[in-house]
Amino acid sequence: MATTATPPPPQQTPAQPHGVARSRGLFEREILSRALPEAFLKLDPRVQVRNPVMFVVLVGTVVTLIESITSPGVFDWSITAWLLLTVIFANFAEALAEGRGKAQADTLRRMRADTEARRLRPDGTEERVGAATLAQGDLVVCEAGDLVPSDGEIVEGVASVDESAITGESAPVIRESGGDRSAVTGGTKVLSDRIVVRITAEQGQTFLDRMIGLVEGANRQRTPNEIALTILLAVLTIVFLPVVVVLEPFGRYAGASVSVVVLVSLLVCLIPTTIGALLSAIGIAGMDRMVQRNVLAMSGRAVEAAGDVQTLLLDKTGTITLGNRMASSFTPVQGVDERDLADAAQLASLADETPEGRSVVVLAKERFGIRERALDGGHEFVPFSAITRMSGLDVGSRQIRKGAADSVKRWVAEQGGSLPEDLDPAVERISRAGSTPLVVADGKRILGVIELKDVVKTGIREKFDEMRSMGIRTVMITGDNPLTAAAIAQEAGVDDFLAEATPETKMELIKAEQQGGKLVAMTGDGTNDAPALAQADVGVAMNTGTTAAKEAGNMVDLDSNPTKLIDVVEIGKQLLITRGALTTFSIANDIAKYFAIIPALFVATYPQLGALNIMGLHSPQSAVLSAVIFNALVIVALIPLALRGVRFRAAGSASILRRNVFIYGVGGIIVPFLGIKLIDLFLVAVHWY
Amino acid sequence: MGFFWTIVVLVVVLGFAWRFLGSYMAAVFDGRVHFLGWLERPVYWALGTGPDHEQTWKRYAVSMIVYSGVAIGVAYLIMRIQGHLPLDPQHLGGVPQALSFNTAVSFVTNTNWQNYGGETTMSYFSQIGALTVQQFASCAVGVAVAIALVRGFARRNSPTIGNFWVDVTRFTIYVLVPVSFVAGIILVSQGAVQTLAGPATIHDALNGVTQTIARGPAAFMGSIMQFGTNGGGFFNVDLAHPLENPTGLTNLLYIVLTLSIPVALTYTFGKMVGSIRQGTALLAAMTIIFGVWVGFTSYAEHQPNPAVAAAGVANTHVGNTEGKEVRFGDTSSALFNVSMTQTSDGAVDSAGDSYNPMGGFGLLTGMMLGEVTPGGTGSGLYTILVYAIVAVFIGGLMIGRTPEYLGKKIQAKEVKLAGLAALVMPLTVLVLTGIAVSVHAGQAGPLNKGPHRFTEILYAFTSQGNNNGSAFAGLNSNTDFYNIVGAIDMLLGRFGIMIPVLALGGSLAAKQVVPPSAGTFRTDNGMFVGLTIGVILIIGGLTFFPAASLGPIVEQLSHGKFF
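Read top to bottom, the protein sequences are chains X and E.
Mapping of the first sequence onto this note's numbering: position 545 corresponds to residue 528, and the numbering continues sequentially without gaps.
To get this note's numbering, take the position in the second sequence, counting from 1, and add 269.
Just so you know, the hints here were simulated from the structure itself, not pulled from any lab data.
Certain hints may be false.
Chain X is faced by these chain E residues, among others (derived, beta-carbon under 10 angstroms) [said to hold, decoys possible]:
{"id": "1", "residue": "Leu316"}
{"id": "2", "residue": "Gly317"}
{"id": "3", "residue": "Ala687"}
Here are the simulated lysine-lysine pairs, DSS-like style, with alpha carbons at most 30 angstroms apart [stated by the list, open to error]:
{"id": "4", "chain 1": "X", "residue 1": "Lys436", "chain 2": "X", "residue 2": "Lys446"}
{"id": "5", "chain 1": "E", "residue 1": "Lys682", "chain 2": "X", "residue 2": "Lys501"}
{"id": "6", "chain 1": "X", "residue 1": "Lys446", "chain 2": "X", "residue 2": "Lys392"}
{"id": "7", "chain 1": "X", "residue 1": "Lys446", "chain 2": "X", "residue 2": "Lys348"}
{"id": "8", "chain 1": "X", "residue 1": "Lys501", "chain 2": "E", "residue 2": "Lys718"}
{"id": "9", "chain 1": "X", "residue 1": "Lys494", "chain 2": "X", "residue 2": "Lys427"}
{"id": "10", "chain 1": "X", "residue 1": "Lys501", "chain 2": "X", "residue 2": "Lys440"}
{"id": "11", "chain 1": "X", "residue 1": "Lys494", "chain 2": "X", "residue 2": "Lys446"}
{"id": "12", "chain 1": "X", "residue 1": "Lys494", "chain 2": "X", "residue 2": "Lys440"}
{"id": "13", "chain 1": "E", "residue 1": "Lys327", "chain 2": "X", "residue 2": "Lys25"}
{"id": "14", "chain 1": "X", "residue 1": "Lys494", "chain 2": "E", "residue 2": "Lys718"}
Label pairs and their calculated CB-CB ranges [as the list claims (entries may be wrong)]:
{"id": "15", "chain 1": "E", "residue 1": "Glu323", "chain 2": "X", "residue 2": "Ala495", "range": "27 to 35 angstroms"}
{"id": "16", "chain 1": "X", "residue 1": "Val228", "chain 2": "E", "residue 2": "Arg288", "range": "43 to 51 angstroms"}
{"id": "17", "chain 1": "E", "residue 1": "Gln366", "chain 2": "X", "residue 2": "Asp27", "range": "30 to 38 angstroms"}
{"id": "18", "chain 1": "E", "residue 1": "Asp299", "chain 2": "X", "residue 2": "Thr441", "range": "28 to 36 angstroms"}
{"id": "19", "chain 1": "E", "residue 1": "Leu346", "chain 2": "X", "residue 2": "Val228", "range": "54 to 62 angstroms"}
{"id": "20", "chain 1": "E", "residue 1": "Gln366", "chain 2": "X", "residue 2": "Gly56", "range": "48 to 56 angstroms"}
{"id": "21", "chain 1": "E", "residue 1": "Gly386", "chain 2": "X", "residue 2": "Val228", "range": "32 to 40 angstroms"}
{"id": "22", "chain 1": "E", "residue 1": "Arg288", "chain 2": "X", "residue 2": "Arg33", "range": "36 to 44 angstroms"}
C-beta: ideal position from N, C-alpha, C; glycine also.
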């Protein structure tokens, strides 16, 4: 799949007005109007000093400003103005990137209206208090129509909850006490029933608060690769400083007087202003792209780590398979008609409301036209229990059962029935194929086997092929036995599987991979996943999961869609690629700038150097100004690319590299030659020169 | 021998050196070569160390600094008091302070910048005890530092990067001494002079003049000066002297010797990190740049002098022969001088000052690229690895992963150290050149006018800052100013890079290794070779283009108007 700048496909973008993920255009008027003043406010040197490249530009601007004031001239003033614009454009890029997050944070804040909470006194009576006064451990009551006042755990009751405020998903979810579905989030709305919630979050530390902080980027910290790149940019800035400064004595030695304004212009053109200006915007936008996919990354570091992941641990159910096994065939034993088996199987499943049960009914109908029937009186449903591991019904004297092979065999044997010879081979064949066999018996007579098949999601195999081409190993995690797991792994095309997985074996697998130097990503939702989520380099917790899981992971997927782990990896990669590509572009640009400025610098002393003016620029002054203008405008031109990210295509490293080197390296050499020439022509056309 | 056959012989011989000297050096540094153990052990005993005493990068660096500091002191002292020492048949007396300092630094930093005429300044004792000894030692130090960095890649989760004393000792006794001894014998067999008897006096009865022919232990000095990419010869005119470079064979042998270690070290690197292809990629990058530079410079020297051409004199079809040994001619001279400027050797067999502007540009820019093609002994490998790390970082980001080189993640610390190492040389060269053209003492140096005088100064500092030591000539550099500033240039250009390189080795050695996968940035294919070349050319080009445009470029564009 190509992760492009276009909005994600509809199924991933809930079209709800309130979700965090509300898609916003890059240049929406609201964000633009907010970013413009910000761009000027950020001229504060205390802000600029954090970015060494742009700080040098700012200092250079001050130098040319002083020159312009002491010896005024149109050229000096033009250069000063464009240098200042260069800094402003950089600020604008950053403000624009931040703007979207800020707008989203505002939406969230508006939602976090001051709710009232119904706190339970120890004696069981209720009192009404402001949500802001709730403390950890307080018990509150929520009934249909109430907003949940803060994050907590349901200790009593079950309710359907509208979580669209957080996730953007309008379909209500069921929350109940006990188990892995007991967490509720402040700001969500109870739609039915009554629950008692024990508050687990301190004030200001709720999920909503954290979410606001994250989308706003309030305490954004530089990520490891960003730091490394900043150092490289600082090195390139430091090295160009003497390169330019010594031109003054060099020029003097040659008998040329070199203008300070031109030297500053040369310096600004040579230092990597393009990437320097866009670097923080790229990082912010990367986090933002996660938010757009409804994934909250707790830190930029996690986003970056996602790009480095080499092993993906994927839960079988819900990620690789659709999650529900579906009946796919009936295998009668010798002497039994397939239709009779189907009929009995359907009867046994009539009361079974599980998806598996429904699928048996549907299969029988599809195959043999056996309709669901209204049974006459005198029947009794036998529900599934963990002890019998069977279900079915008693109608008249008939006792029809379906269930795990062992259980049904034992049940039949207990009644004195015999086992057909071809039963075990059929069961084994189905197991080996990765399906689940359900044996059907009518009294002491075994009829045959239903095959419940795990349905592998369409397109998942191609996904895994892409992952492989990117050098990422996929490991399927399943509680199934190794035989079943191997068959599904084969069908889905994963590289490896962990069968009969327990939280402990999962943890061991992660540690083993990490021991080998690999970065591991996984998803999880249960409390028993928490240690593994914490151990993994990228742990994506499902929003439906427990509080413990959400706290252990470094990302939360609001859609609770485990397949998204793959998107997360792609966004991480795209972030790094964008940085690398713009760095390459920025450095490659320097060549053309040299050819514009160097001849202009010394042409008065050495007219022969005019031969280096291969672009045929109008005059030394127009050449220098054109280079400076190009340098400033290219920042603006690249803002959309920085915010959207470089187009990413799942492929091997070699082809990605070839493509990016060609576009941003070779392109970066050619584009400024054209750009500077065009600007020069324009300046001449408007009679500036 | 035609140029074509010269190249064929060169490639074949260097191919052997690459394969066999390369794997032999890996064995030496891995401690798998023992046949001179009886010689090794007393050295370790005296130094109180041994192969089991692994050092952290800091201890390694301290050992290297202490050793080099002592070496500078001893060499300085010998030159100062050579008049009181034996083997001074010409009674040359002590060498002046500033010159002794410059020369001591020059030989300890493997630069071999010579502000003196060997046969008229240095006694045989100084030539052997102060200079030749350092030609062995400085070469071994450079290789040791390179190996320490290679160990950083090869080891995992290791706090140490080897033992400096052991590395230097092993390299000297197992590699330098045997090879340079054999090479010395060959040189003597070709007629290179090796004697401790003083100069010969010859009476030319025909013309009625008496000539003094300088002699000395030149052959063996020649062999180590080339094998160790030192380049400081016995005679003032270096390898243009028929008694040190008597035949076409010796000329070729000198080139082979110079290129051997730097070329073979790429094999050693591949061997030690477990993939020869990795070393081959670096060698390919080196070879491509080297080949282009030889071609460019030879072409430039085949052109007539632009001043002559501009004056309307017909092209003589012999190119620019000024300042060249007629024995060697244009192409061979260009090959020789390019070999020497791109190996940090710095020996010359023709006068760079008399090269055409673009020919001189070829020599000058060869050094400006940081001496990596293939560079000096050890320094070539570690410097190209620094550039390769920069290439890996930028390229690695472009494939969407935290960049890694040979499984080692290149993070903030590595970028900082590699950046520092890459920055020192251009910064030093440019700033010192800036100072030299600004002060009277510096301006007084050049003997020419116009841009050529600027080129002369720039060349001097570029040569010293890169520890090359080749002299463009045309610069009166035996002054206090040039001696002292030049020494600073050489010290920074050597240790300013070595220390961050050792830190880099330490930092890499401590890292875990990321196993390779299809998503790994390949560092053993053509793309990476291209990227590395790109980084070398872009860093060198961007930092030196303005300076070069004021020197050789404007000279060329002026059609020799200035000289």
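How the hints compare with the structure:
no.: 1; hint: Leu316; verdict: violated (37 angstroms)
no.: 2; hint: Gly317; verdict: violated (37 angstroms)
no.: 3; hint: Ala687; verdict: holds (9 angstroms)
no.: 4; hint: X:Lys436 x X:Lys446; verdict: holds (21 angstroms)
no.: 5; hint: E:Lys682 x X:Lys501; verdict: holds (20 angstroms)
no.: 6; hint: X:Lys446 x X:Lys392; verdict: violated (41 angstroms)
no.: 7; hint: X:Lys446 x X:Lys348; verdict: violated (34 angstroms)
no.: 8; hint: X:Lys501 x E:Lys718; verdict: violated (62 angstroms)
no.: 9; hint: X:Lys494 x X:Lys427; verdict: violated (50 angstroms)
no.: 10; hint: X:Lys501 x X:Lys440; verdict: holds (27 angstroms)
no.: 11; hint: X:Lys494 x X:Lys446; verdict: holds (25 angstroms)
no.: 12; hint: X:Lys494 x X:Lys440; verdict: holds (29 angstroms)
no.: 13; hint: E:Lys327 x X:Lys25; verdict: violated (42 angstroms)
no.: 14; hint: X:Lys494 x E:Lys718; verdict: violated (70 angstroms)
no.: 15; hint: E:Glu323 x X:Ala495: 27 to 35 angstroms; verdict: holds (29 angstroms)
no.: 16; hint: X:Val228 x E:Arg288: 43 to 51 angstroms; verdict: holds (47 angstroms)
no.: 17; hint: E:Gln366 x X:Asp27: 30 to 38 angstroms; verdict: violated (54 angstroms)
no.: 18; hint: E:Asp299 x X:Thr441: 28 to 36 angstroms; verdict: violated (54 angstroms)
no.: 19; hint: E:Leu346 x X:Val228: 54 to 62 angstroms; verdict: violated (39 angstroms)
no.: 20; hint: E:Gln366 x X:Gly56: 48 to 56 angstroms; verdict: holds (52 angstroms)
no.: 21; hint: E:Gly386 x X:Val228: 32 to 40 angstroms; verdict: holds (36 angstroms)
no.: 22; hint: E:Arg288 x X:Arg33: 36 to 44 angstroms; verdict: violated (52 angstroms)
When each numbered hint is compared with the structure, violations occur for hints 1, 2, 6, 7, 8, 9, 13, 14, 17, 18, 19 and 22.
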